[in-house]
Amino acid sequence: MSDAIIIRPLGFGDRLSDVLWRRPNLLIGLMLAAPVLWLGVVYVGSLVALLVQSFFSIDEFTGLINRQFTLKTYRELFTSPANLDIILRTVLTAACVTIASAMIAFPIAYYAARYARGRWKALFYLGVMLPLWSSYLVKIYAWKLILAKEGILSWLLDKLYLNWLLEAYLSLPLLGGNSLSVSYTGTFIVFVYVWMPFMILPIQAALERVPSSMLDASSDLGAHPAQTFRHVLLPLALPGVVAGSIFTFSLTLGDYIIPQIIGSSRLFIGQAVYAHQGTAGNIPLAAAFTVVPIVIMGFYLWMAKRQGAFDAL
Amino acid sequence: MRSDLQNRAPLGLKIAAAAGLLFLHLPILLIFVYAFTTEDKSYQWPPPGFTLKWLGVTWNRPDVWEALWLSVKVATISTIIALVLGTLCAAAVARTKFFGRETISLLVILPIALPGIITGISLRSAFNLMDIPFSVWTIVLGHATFCVVVVYNNAVARFRRTSASLIEASMDLGANGFQTLRHVVLPNIATAMLAGGMLAFALSFDEVIVTTFTAGQQATLPIWMLEELVRPRQRPVTNVVAMVVVLVTLLPILAAHYFTRDGDNPAGHGK
Chain B
1 MSDAIIIRPL GFGDRLSDVL WRRPNLLIGL MLAAPVLWLG VVYVGSLVAL
51 LVQSFFSIDE FTGLINRQFT LKTYRELFTS PANLDIILRT VLTAACVTIA
101 SAMIAFPIAY YAARYARGRW KALFYLGVML PLWSSYLVKI YAWKLILAKE
151 GILSWLLDKL YLNWLLEAYL SLPLLGGNSL SVSYTGTFIV FVYVWMPFMI
201 LPIQAALERV PSSMLDASSD LGAHPAQTFR HVLLPLALPG VVAGSIFTFS
251 LTLGDYIIPQ IIGSSRLFIG QAVYAHQGTA GNIPLAAAFT VVPIVIMGFY
301 LWMAKRQGAF DAL
Chain H
1 MRSDLQNRAP LGLKIAAAAG LLFLHLPILL IFVYAFTTED KSYQWPPPGF
51 TLKWLGVTWN RPDVWEALWL SVKVATISTI IALVLGTLCA AAVARTKFFG
101 RETISLLVIL PIALPGIITG ISLRSAFNLM DIPFSVWTIV LGHATFCVVV
151 VYNNAVARFR RTSASLIEAS MDLGANGFQT LRHVVLPNIA TAMLAGGMLA
201 FALSFDEVIV TTFTAGQQAT LPIWMLEELV RPRQRPVTNV VAMVVVLVTL
251 LPILAAHYFT RDGDNPAGHG K
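Those protein sequences? They're chains B and H, same order as listed. Numbered per the numbering used here, the first sequence spans residues 1 to 313. Numbered per the numbering used here, the second sequence spans residues 1 to 271.
Accuracy of the hints is not assured; some may be wrong.
Which bits of chain H does chain B cover? Going by a derived footprint, with three or more residues having C-beta under 8 Å, they are [as the list claims (entries may be wrong)]:
| # | segment |
| --- | --- |
| 1 | 40–51 |
| 2 | 63–75 |
| 3 | 103–111 |
| 4 | 118–131 |
| 5 | 243–251 |
Straight-line Cα separation of at most 16 Å, EDC-like style, residue types lysine to aspartate or glutamate; simulated pairs [said to hold, decoys possible]:
| # | chain 1 | residue 1 | chain 2 | residue 2 |
| --- | --- | --- | --- | --- |
| 6 | B | Lys121 | B | Asp59 |
| 7 | B | Lys305 | H | Glu102 |
| 8 | H | Lys53 | H | Glu66 |
| 9 | H | Lys41 | B | Glu150 |
| 10 | H | Lys53 | H | Glu39 |
| 11 | B | Lys144 | H | Glu102 |
| 12 | B | Lys149 | H | Glu39 |
| 13 | H | Lys41 | H | Glu168 |
| 14 | B | Lys144 | H | Glu228 |
| 15 | B | Lys72 | B | Glu60 |
| 16 | B | Lys72 | B | Asp59 |
| 17 | B | Lys149 | B | Glu167 |
It is worth saying that the hints were derived from the structure and are not from the lab. None of the values given here were measured: they were computed from a predicted structure. Glycine included, every Cβ here is placed at the ideal spot set by N, Cα and C.
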């Protein structure tokens with residue numbers, strides 16, 4: 001057995017890997033250098049540059065950007081009623097979309113976590129993943145087809161003799177419009193459709209950690225299913241709901257394509273940003289507008305962290 | 001008796017879950033019907049008739065091919081960059097505890113946690129400030145940035161599940177770091193990288209929000225579709241393109257699922 005040990009000469013690769021083995025920090029530094037440089041320079045760099053520009057202002061007469069520190073742009077953002085209106089509308093919509101998504105996602109997640117087994121579980125997973133990953137624009141396009149005046153929804157209601165219901169709904173002041181595809185309701189439906197799948201998997205992950213013995217115990221102690229839901233299941237699933245809501249809320253907050261294609265002409269934050277940086281060329285105001293979602297999301301993430309939502313991701 | 005009752009879902013829950021899933025799937029199925037309609041002026045339902053004509057018309061459209069080619073090019077380059085950056089980052093974060101580890105994972109997640117429009121406009125204004133002309137590379141710069149997180153998530157999960165003793169065993173048996181990487185680490189994480197790469201490709205192939213800011217006059221396939229959505233000119237061609245896009249994104253997702261399906265028990269986990 002003694003001749004089993006063969007000593008071979010050390011090559012460059014061996015020596016280099018010895019050095020890296022002895023100095024783990026050097027190895028980590030080398031591994032992190034490329035990603036950190038990329039994300040730091042490309043992403044954080046341009047983000048900071050953008051934020052800096054929000055403290056510049058635009059000269060109303062020449063349309064040129066005045067590169068001096070000022071809070072004028074922020075004053076313009078927060079004093080103009082039109083801008084406040086846009087911010088309020090976007091935040092309220094994001095909140096409604098989040099609540100509706102949670103309500104639709106919960107039963108799917110609950111069924112998948114508690115009752116689906118084996119093949120059904122895999123099927124449920126794919127059933128959630130496929131719509132989540134399929135093309136964003138195609139999903140919007142599909143709803144344009146559905147909500148159009150001559151589309152499938154009108155046809156269906158016509159067959160059910162419920163057209164009067166749609167007419168009555170469309171004549172409502174804020175929610176209605178000429179047809180669903182140019183109404184505020186249409187925007188809301190598409191937002192829910194596109195972002196809801198992001199809610200299902202975090203809720204499912206949280207629900208899977210709830211031991212079923214707890215639910216049994218609750219009902220053994222005489223709780224009605226509704227009471228069990230209210231006092232046992234919901235509090236335990238809440239971190240998952242909050243984790244999912246990060247996605248639905250953030251994605252709704254920054255979207256500008258859905259309200260542009262399906263919706264009334266009332267602007268959302270994303271559209272305002274797009275308009276100000278594009279045709280108007282008012283980069284400072286556009287930059288100041290983007291600070292609003294950043295601050296809201298920062299606050300939201302901080303709250304979510306306190307709720308323990310990141311463990312549910 | 002009791003457990004029997006417990007294992008059957010209440011009817012209300014079944015209906016709610018099924019309705020939710022139908023809500024997710026029916027609109028996408030509708031796309032497949034519209035791709036074959038004979039109606040070319042409106043979104044009329046039910047379709048007056050069915051035809052295969054529009055498949056041929058779309059096939060002969062050079063603008064669609066150009067957009068498709070640009071999308072594939074951008075998605076391929078972005079995926080390769082994201083694979084390298086994401087795997088390196090995951091390897092560093094998963095295995096060791098070091099100062100600023102949390103910051104690194106935040107840095108990776110940030111491009112996807114903040115709304116895409118913020119990434120888009122900050123890149124656009126940075127290009128403006130530095131006088132960088134729009135090109136394939138400006139699109140790639142944006143795409144690779146948010147694709148890193150997908151690769152990172154897949155790779156980090158796999159690194160955490162693979163046992164560290166495998167690497168030590170390889171070293172004990174006389175392999176150097178590079179041989180260990182080649183024969184032990186890479187085979188273990190290969191499927192996770194493949195899955196991450198597939199998802200990154202699908203993400204980039206479909207991305208439109210950041211791309212509108214970084215593309216300039218170039219049209220990727222999503223940009224082409226966006227223009228058609230805003231100002232519909234050729235509805236039948238759009239219908240066909242929409243169907244193709246659904247099919248093209250479907251395959252990487254199914255493949256990624258297939259590759260990570262057994263991810264819970266990779267080698268070296270039998271403790």
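* **Claimed coverage, the segment 63–75 of chain H by chain B - three or more beta carbons nearer than 8 Å** => Result for this restraint: violated, n = 0.
* Do the alpha carbons of Lys72 (chain B) and Asp59 (chain B) lie within 16 Å of each other, as the hint requires? -> holds (11 Å)
* **Restraint check for Lys41 (chain H) with Glu150 (chain B), where alpha carbons must lie at most 16 Å apart** => Holds - the C-alpha atoms of Glu150 (chain B) and Lys41 (chain H) are around 11 Å apart, at most 16 Å.
* **16 Å limit on alpha-carbon distance, applied to hinted pair Lys121 (chain B) and Asp59 (chain B)** => violated (60 Å)
* Asked: Does Glu39 (chain H) lie within 16 Å of Lys149 (chain B) when you go C-alpha to C-alpha?
  -> OK: Lys149 (chain B) and Glu39 (chain H) at ~15 Å, within 16 Å.
* Asked: Given the hinted pair Lys144 (chain B) and Glu228 (chain H), is their alpha-carbon gap at most 16 Å?
  -> Holds, at roughly 12 Å.
* Starting from Lys53 (chain H), check that the Cα of Glu66 (chain H) is at most 16 Å away, please. => Distance ~21 Å between Lys53 (chain H) and Glu66 (chain H) Cα, so the pair is violated.
* Satisfaction of hint between Glu168 (chain H) and Lys41 (chain H), Cα-Cα up to 16 Å -> Measuring from Cα to Cα gives roughly 67 Å; hence the hint is violated.
* Asked: At a Cβ distance under 8 Å, does chain B reach at least three residues of the segment 118–131 of chain H?
  -> holds (count 10)
* Would the pair Lys149 (chain B) and Glu167 (chain B) pass a check requiring their Cα atoms to be no farther apart than 16 Å? -> holds (11 Å)
* Asked: Do three or more residues from the segment 103–111 of chain H put their C-beta atoms closer than 8 Å to C-beta atoms of chain B?
  -> With 5 residues in contact (Cβ-Cβ under 8 Å with chain B), the coverage given for the segment 103–111 of chain H holds.
* Asked: Under the criterion that the straight-line Cα-Cα distance not exceed 16 Å, is the pair Lys305 (chain B), Glu102 (chain H) satisfied?
  -> holds (13 Å)
Comparing the model with each earlier hint shows violations of hints 2, 6, 8, 11 and 13; every other hint is respected.
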